[in-house]
Amino acid sequence: MRKIVYSFVIIFAAAVIFSACKKEFLDIYPTDNISAFGVTSSTSTAMAALNGIHRALYVRYGSQGRGGIGAWYYHIDEMGEDHVFNYATWTTHLRWLHRGANDSYNEGNWLMFYGWIANANILINGVGDNTSGTQEEKDIIVGQALLYRAWCHFNLVQMYADRYVPGGGNNQLGIPLMLESTTEGQERATVEAVYTQINTDIDAAILLLDGKPRTNKSHLNVDVGRGLKARVALTMGEYATAASYAVQARDGYELMDSATYFLGFRIGTESNAEFMWASQITEDQTDKWANYGAYVSRNFSSTSIRRNPRSIFSVLYDQIAPTDVRKLLFDPTGDHLNLPPGIEIVSSAARFPYTNQKFIAVSTSDSRVDVPNMRVSEMYLIEAEALARQGGNDAGAAAALYTMAVARDPSYTLSTNTGQALIDEIMIQRRVELWGEGFRWFDLKRLNLDLDRNGGNHSSSINNNLMFVPAGDNMWTSLIPQAEMDANPNMVQNPL
Amino acid sequence: MLQVMGQTRQVSGVVTSAVEDQGLPGVAIVVKGTTIGTVTDVNGNYSIEVPTDATTLVFQFVGMVPQEIEIGGRSSINVVMESDDLYVDEVIVTAFGTSKKGAFTGSAAQINANKIEMRPITNVTTAIEGAAPGVQVTAADGQPGSSQSIRIRGFGSYSASNSPLYIVDGVQYSGAISAINPIDIESVTILKDASSTALYGNKAANGVVLITTKKGRPGGGKLSVNASFGTIGRAQPEYDLIDAHDYYPIMWEAYRNAIAVPGVDDPADVTAASQDASDNIKDELGYNPFDVPDDQIVGTDGRINPDADFLGDFANDRDWLGAVTRTGQRQNFDISYQGGGDKFDYYASVGYLYEEGFIKDSDLRRFTGRANVNFQATKWLKTGFNINGAQRVSNFAQTGGSTSFVNPIRFTRGIGSIYPIHLIDEATGLYILDDNGNLQYDIYDHRAGGASSGRHIVAEIDWDEDKDETTTLGARTYAEISFLKDFKFTTNVSWDQQDLYNVFYNNPLVGDGAPGGRVYRQFNKRTSVNFNQLLTYVRSFGNHNLNVVLGHESYQYKYSRLRGARTQQIADDNTELINFVTIIQSDSYSDNYATEGYFGRVNYDFANKYFISGSYRADGSSKFHPDNRWGDFWSVGLAWRLDQEAFIQNISFINLAKLRASYGQVGNDAGIDYYAYQALYSLGYNNQSEMGIIQDKLEATALVWESNNSYDIGLEFGFFDQLFGTVEFYHRVSDNLLFDVPLPLSSGLDSKTENIGTMFNQGIEISLSWDAIKTQKVRWNISANFTTLKNEFTKLPQEEIIDGSKKLMEGRSIYDYWLREWYGVDPDDGMALYRAEDPDDADNRIVGSDTLTTDINNARYHYAGTAIPDLYGSFSSSLSAFGFDLSVMFTYQVGGLVLDYNYQSAMSSGTYGTGMSTDILDRWQQPGDVTNVPRMDASQTSNFNATSSRWLTDASFLNLRHLTLAYNVPASVFGKVGMSRARVYVSGENLFLLNARKGMNVQQNFSGTTSNVYTPSRVFTIGLNVNF
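Here the protein sequences come in this chain order: B and S.
When we follow my numbering, the leftmost residue of the first sequence carries the number 1, and every step to the right adds one.
When we follow my numbering, the leftmost residue of the second sequence carries the number 10001, and every step to the right adds one.
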């Protein structure tokens, strides 16, 4: 009997020891991620991946001074002459200290744009016959992804390569063109090749997006595609193309009236017919300290804004006509006695001359401002500048400028300037209109102009004495990030 | 013959062996000074008639330390006899069992309860420092309850975890070590080599720390009460920083030199610049604490105005560090009791600890309880349970982010000495009071940017909150069935859960919550369940001894997190979410992880002379792709007890000579992402009301655990019954190292994980223990240990990987510095000089045969040394005499370099407002000055302040790690109360540190860098320990 019991125990013990757990015991999946396989298997998940890119434009990338595309815009502005600091805080771009190979903004921006390109490529290359869904849905997704790819390459090539010289033959080193999902380091394509690819992508996108609807203005549509084409053509000096596409792009949009303009740039761009493309930030998708509005608005109470509200270059301010609504958006006294209704500035905020009230956050504690990615006024400015620089159509240029200028200033009369004088007038209008939105430094670079901050309200000590940079200096082009140099054997560095 | 019979009484009790927890038969007991004696019976019991005037009983047993016990008024006296030949008979806890040290083929060190009990230790990892060679630690964070990071035999991994596996009562422990009351700990065993750790399979590569809690000993019950009180302060002083009268001139110089430099620029420009500086320096800095006008604080000669005195309340309101630090207090009470009989034993304890850190609003309050019962139900069935619970409430100092505004160490170290804490009227120097007549914090933007303007650490510590309430519960139970005389079948089930509830609140007035106020509430739950089945066979045939274990084990871990956050506070003093308006976050997720393993071990020895052991484990982990999930791990160990051989036994002075060697292969899957092999998109990128996802990482189906192949060879020796020690050599190769292979950023991702590297660690470990004096009354033991470490990569995924201040290359170690090469300061103009990379750059300067540059972007990188020490270890002394016990331990390191980032920040050439080291006073001031501190110059901060080999500092140190002085109160004092032992003691930790620079936290990081962390604490306690 005992033997039977003992044998039983041994067998039982052996059975227990060698009984495995269920096979699925070790199959475990995350709850805060989803599998990457199958993202392009249906248009609904592909659309989610596209919306991920839309959202990625305004999330924080590490430091609060890196709030996505909005931070890119105000950093570009800071590097020009029209954006004046009143206190030495967050001064990296103001002082042009951003271009070093080890600078964290430098590396961060490179990775940010190429990250968006990588996400776009998954959609461009993966959404096709094997994706379930309608052809229209696929076109909408791929078209937007192509525009993103073009737009990101465009931003990168303007920063990390020498300028595009109009007329073609730009064989100077550009940036790597990423057209597929690969981890192999690519060579730098020439600037010419980069612009060719950008245009190829935009042209293809326009075909796909033509006639297709979009959910809201955080998505890109054919008008944004045409607007981007115009913007790129202007940079390339292809003025006929620029003017023609600018006119097509703005079809269906309207300039804001003065009353709306005076209220300032805020959230709620969906109902503002002027905005063609904007990142729209909701209450629970905000990053309080990293938002665009946390740095450029006048009324949000951040340490940065309280100590260093952003001012306009006084030399530029003086050129704004007194009857222009935009004159009201900058206060030479800094007192801001004429704020839009319901808007206040905290009493502890420091006051400085020429500060802006162009950008208005939701409140002193809510920094949200929709990020303006493309507005119709830019289209008018592109048309005017392109026609004026093209030569032989000053009347057309003046007419294009008139439509926008008179919407801002009812006393504006059709310009009688011609030639360089007309170009100068258009550039003044452009600088005032697009202040804070990330254009001026790119304009200086594409036009091969000097940076000259002298003669106005710039403080040389705040600027660290960076008051003048001659056109063509190496400093206009950023160094390739050291991490890219280290990991990509095909990468070539820019001159120091 | 008549014996004179005086009055007698009976004394009885049980004598047990400390080594084996069993009654000791044959112990001789004699009433001192008489011939009255007896011997313990087979169970260790005795009973003796003692004359009433007798005072002492003497207990003796061969091989055990004789003891003289005062009788006092007691009638029941239990005694624990300790082995005289402590070394070979010490029982060490091993994987799935125990072993006598003399029979063990692996490399292990054990810390027993007596080394822990009188130290004011909150987290038992503190006891590991210095206890054994081959174990390196970082300084403990000053936050009460923090663990020290531990590395056993070097650094086995680059991307995955380097921390050892923690096993508590036989089961993997993923909770907080500070939830375990040190009073409950019987031993901490450190397993170092493959042979001792192989049974833990794919988790064992970094070594194993086994924590075993107490269980009862047979004999009548014993009650132990422990109470201590103490104070907590800073172990290291702060860096020496300049005060206000030096601060203004230094900053003035930074301003002036940015415009024009004396001796270098046009003198007219220098004069103008000096005037500009005198006029405007106050605007840059923001505050004038002196009683002279703003433009007369510093003259155009660069000197502080000799009449400048502090104006009014400015004088005493600038001690920011003093305002955020304090002397903390520590109170600790523990009660434990234990006992047992033939069939059962029990141990139970309850403990309370309250410890305040030296930064205000950081503390820990802990309640613990434990009950451990074992019951031999029948001859063949034994069972038991071990249940523990702990409740900890901690308030945290915000030292997590080195550069964050709210880090009190960074804030106070990084603020100039001119700034007041409270609002002061700059015209009168008097405090500006609020309506209730109270001082107000200066939370406004008056300070310079470098002085954390707009933020206020004193206010934020006062008004913010970061509090954890953590409940830990654990239970273990088992059934042990003995059958067929030599077999035992055991099954162990264990369950550990840790629930943490955290509130993180930022006030509405100043800081990250301003304006409006913000609160985060988070609930984390961690549960782990372990189930194993073991079959053991133990048999001796003549001189052959065999011990076999077979087993199967499964482990499951789950982590869940729920978070909510809102802003816009409604009512003051209420930090619940319901009191806030706007939702800014609401999410939850959970992580799961599971492993399963089959294992076996065979130990065989012949005549206690020749030992061989082998073990094998097959392990599977959920982190890897099903095709690559399972691995084999194994080891072999050999030992030869030379001292049991006749030819050695003839040499009388050799007590012990044991030669051992082991080789094995173990794995490491810790620190690898739970879903490492899966290609994933992240959720949570919604675009308004549309769902959004974004690419997170690429797939890695080929990923497997890292594996370690190591061997070691050692000699354990004992001479003259006095000098014991071990010398061993270890060589540990880590293969299949996981690397986040940097991808070209243009691919959109910065890295991809692959197994693609090899590294080895090797070195020599020596531990020595010398019983200088070993008599009845006086015992003195001195011990020391020494470790060398060489770490080197032999294979990397790419030729070089640059990681912060380090560069990895084949032939180099994991912590070799790769820095720009600092040269010095040019005496002509005070510019910082580096060795030039590009020899033809226009900014270069030639000095002798050196091509140098002032442009940091052209400064050449080079290998500048390593953070790994040449030698490290500890010295201890343990002296018992006349009732006093004094034990002291020093830890030390020789060699290695620290990259002192904190010092770098304090030596800025021109960040207005930031704190400045007194060394800045040596800066270059005019042509001809020979110094190694560049000139002050606010426009040159990127060149002068840059990270380079300038900041490397010798990492050698000597630390008086702990000291305890105890007095054993004689029995005559307390005997009638029924106490069996009483001890009073004073104890201290981190009492004295000698290192290369005051303020430098030399042990902060294995990688040798310093940052703004909660510097370690110095603790003094006095305590009382009483046994009944």
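Hints may be right or wrong, so weigh each one.
[Unchecked claim] No more than 25 Å apart at the CA atoms, straight line, and that leaves these computed lysine to any residue pairs for SDA-like:
#: 1; chain 1: S; residue 1: K10795; chain 2: S; residue 2: E10754
#: 2; chain 1: B; residue 1: K22; chain 2: S; residue 2: S10174
#: 3; chain 1: B; residue 1: K3; chain 2: S; residue 2: K10360
#: 4; chain 1: S; residue 1: K10115; chain 2: S; residue 2: R10303
#: 5; chain 1: S; residue 1: K10379; chain 2: S; residue 2: S10540
#: 6; chain 1: S; residue 1: K10488; chain 2: S; residue 2: G10389
#: 7; chain 1: S; residue 1: K10752; chain 2: B; residue 2: K22
#: 8; chain 1: S; residue 1: K10752; chain 2: B; residue 2: L496
#: 9; chain 1: B; residue 1: K23; chain 2: S; residue 2: S10560
#: 10; chain 1: B; residue 1: K22; chain 2: S; residue 2: Y10557
#: 11; chain 1: S; residue 1: K10558; chain 2: S; residue 2: G10389
#: 12; chain 1: B; residue 1: K23; chain 2: S; residue 2: K10752
#: 13; chain 1: S; residue 1: K10795; chain 2: B; residue 2: R2
#: 14; chain 1: S; residue 1: K10807; chain 2: B; residue 2: Q493
#: 15; chain 1: S; residue 1: K10467; chain 2: S; residue 2: D10573
#: 16; chain 1: S; residue 1: K10752; chain 2: B; residue 2: R2
#: 17; chain 1: S; residue 1: K10807; chain 2: B; residue 2: R2
#: 18; chain 1: S; residue 1: K10807; chain 2: S; residue 2: D10828
#: 19; chain 1: S; residue 1: K10525; chain 2: B; residue 2: Q493
#: 20; chain 1: S; residue 1: K10360; chain 2: S; residue 2: K10101
#: 21; chain 1: B; residue 1: K23; chain 2: S; residue 2: G10389
#: 22; chain 1: B; residue 1: K3; chain 2: S; residue 2: I10583
#: 23; chain 1: B; residue 1: K23; chain 2: S; residue 2: K10382
#: 24; chain 1: B; residue 1: K212; chain 2: S; residue 2: N10436
#: 25; chain 1: S; residue 1: K10774; chain 2: S; residue 2: S10174
#: 26; chain 1: B; residue 1: K22; chain 2: S; residue 2: Y10478
#: 27; chain 1: S; residue 1: K10976; chain 2: B; residue 2: N490
#: 28; chain 1: S; residue 1: K10222; chain 2: B; residue 2: S271
#: 29; chain 1: S; residue 1: K10222; chain 2: S; residue 2: T10056
#: 30; chain 1: S; residue 1: K10774; chain 2: S; residue 2: K10360
#: 31; chain 1: B; residue 1: K23; chain 2: S; residue 2: Y10674
#: 32; chain 1: S; residue 1: K10752; chain 2: B; residue 2: K212
#: 33; chain 1: S; residue 1: K10795; chain 2: B; residue 2: T43
#: 34; chain 1: S; residue 1: K10382; chain 2: B; residue 2: Q493
#: 35; chain 1: S; residue 1: K10807; chain 2: B; residue 2: K22
#: 36; chain 1: S; residue 1: K10807; chain 2: B; residue 2: N490
#: 37; chain 1: S; residue 1: K10525; chain 2: S; residue 2: I10583
#: 38; chain 1: B; residue 1: K23; chain 2: S; residue 2: T10056
#: 39; chain 1: S; residue 1: K10795; chain 2: S; residue 2: A10702
#: 40; chain 1: S; residue 1: K10697; chain 2: B; residue 2: K212
To be clear, the hints were calculated from the coordinates, so they are not data collected in a lab.
Evaluated hints:
Distance hint between S:K10795 and S:E10754 is fulfilled; the C-alpha atoms sit about 13 Å from each other, no more than 25 Å. Note on B:K22 and S:S10174: the hinted pairing holds, with a Cα-Cα distance of about 24 Å set against a maximum of 25 Å. With a C-alpha separation of about 69 Å, the suggested pair B:K3 and S:K10360 falls outside the 25 Å cut-off, and the hint is violated. Of the supplied pair hints, the one linking S:K10115 and S:R10303 is violated, its CA atoms being roughly 57 Å apart against a limit of 25 Å.
Using a Cα cut-off of 25 Å, the hinted pair S:K10379 and S:S10540 holds, with the two alpha carbons roughly 20 Å apart. Restraint check: the Cα-Cα separation between S:K10488 and S:G10389 comes to about 30 Å, which exceeds 25 Å; the hinted pair is violated. At most 25 Å may separate the alpha-carbon atoms for a hinted pair to count; S:K10752 and B:K22 exceed this at roughly 31 Å. Among the hinted pairs, S:K10752 with B:L496 is inconsistent with the structure: their alpha-carbon atoms are about 30 Å apart, more than 25 Å.
A C-alpha spacing of about 24 Å is found between B:K23 and S:S10560, which places the hinted pair at or below 25 Å, so the restraint holds. Restraint check: the Cα-Cα separation between B:K22 and S:Y10557 comes to about 16 Å, which is no more than 25 Å; the hinted pair holds. Among the hinted pairs, S:K10558 with S:G10389 is consistent with the structure: their alpha-carbon atoms are about 19 Å apart, no more than 25 Å. A distance of roughly 28 Å separates the Cα atoms of B:K23 and S:K10752; the hinted pair therefore is violated under the 25 Å criterion.
For the given pair, S:K10795 sits about 60 Å from B:R2 by alpha-carbon distance, which is inconsistent with the 25 Å threshold. Restraint check for S:K10807 and B:Q493: the C-alpha separation of about 20 Å stays at or below 25 Å, so the hint holds. With a CA separation close to 15 Å, the supplied pair S:K10467 and S:D10573 stays within the 25 Å bound. A hinted pair counts as satisfied when its Cα atoms are at most 25 Å apart, and S:K10752 with B:R2 does not qualify at roughly 61 Å.
This hinted pair does not check out: S:K10807 and B:R2 have alpha carbons roughly 68 Å apart, beyond 25 Å. For the suggested pair S:K10807 and S:D10828, the alpha carbons sit about 34 Å apart, so the restraint of at most 25 Å is broken. For the hint linking S:K10525 to B:Q493, the alpha-carbon distance of about 49 Å lies beyond 25 Å, and the restraint is violated. Among the hinted pairs, S:K10360 with S:K10101 is inconsistent with the structure: their alpha-carbon atoms are about 46 Å apart, more than 25 Å.
Our distance criterion of 25 Å between C-alpha atoms is broken by B:K23 and S:G10389, whose separation comes to about 34 Å. The suggested pairing of B:K3 with S:I10583 is violated, with an alpha-carbon distance near 70 Å, which exceeds 25 Å. A threshold of 25 Å between alpha carbons decides the hint, and for B:K23 with S:K10382 the separation of about 32 Å lies outside it, so the pair is violated. At most 25 Å may separate the alpha-carbon atoms for a hinted pair to count; B:K212 and S:N10436 exceed this at roughly 66 Å.
Distance hint between S:K10774 and S:S10174 is unfulfilled; the C-alpha atoms sit about 42 Å from each other, more than 25 Å. Restraint check for B:K22 and S:Y10478: the C-alpha separation of about 23 Å stays at or below 25 Å, so the hint holds. At roughly 87 Å between alpha-carbon atoms, S:K10976 and B:N490 are farther apart than 25 Å, so this suggested pair is violated. Using a Cα cut-off of 25 Å, the hinted pair S:K10222 and B:S271 is violated, with the two alpha carbons roughly 80 Å apart.
The suggested pairing of S:K10222 with S:T10056 holds, with an alpha-carbon distance near 20 Å, which does not exceed 25 Å. Distance restraint check for S:K10774 and S:K10360: the Cα-Cα separation of roughly 47 Å exceeds the 25 Å cut-off, and the hinted pair is therefore not satisfied. Among the hinted pairs, B:K23 with S:Y10674 is consistent with the structure: their alpha-carbon atoms are about 18 Å apart, no more than 25 Å. Between S:K10752 and B:K212 the CA atoms are separated by roughly 37 Å; this puts the pair beyond 25 Å, and the hint is violated.
For the proposed pair S:K10795 and B:T43, the alpha carbon gap of about 44 Å is over 25 Å, so the pair is violated. With a C-alpha separation of about 73 Å, the suggested pair S:K10382 and B:Q493 falls outside the 25 Å cut-off, and the hint is violated. Under the criterion of a C-alpha separation no larger than 25 Å, the hint pairing S:K10807 with B:K22 is inconsistent with the structure, at around 45 Å. Taking the CA atoms of S:K10807 and B:N490, the gap is near 21 Å; set against the 25 Å cutoff, the hint holds.
Taken as a hint, the S:K10525 and S:I10583 pair is honoured in the structure, with Cα atoms around 23 Å apart against an allowance of 25 Å. Simply put, B:K23 and S:T10056 have alpha-carbon atoms about 66 Å apart, too far for the 25 Å limit, and the pair is violated. As the CA atoms of S:K10795 and S:A10702 are separated by approximately 18 Å, the hinted pair is consistent with the 25 Å bound. Simply put, S:K10697 and B:K212 have alpha-carbon atoms about 32 Å apart, too far for the 25 Å limit, and the pair is violated.
The structure does not agree with the numbered hints 3, 4, 6, 7, 8, 12, 13, 16, 17, 18, 19, 20, 21, 22, 23, 24, 25, 27, 28, 30, 32, 33, 34, 35, 38, 40 stated previously, though it agrees with the rest.
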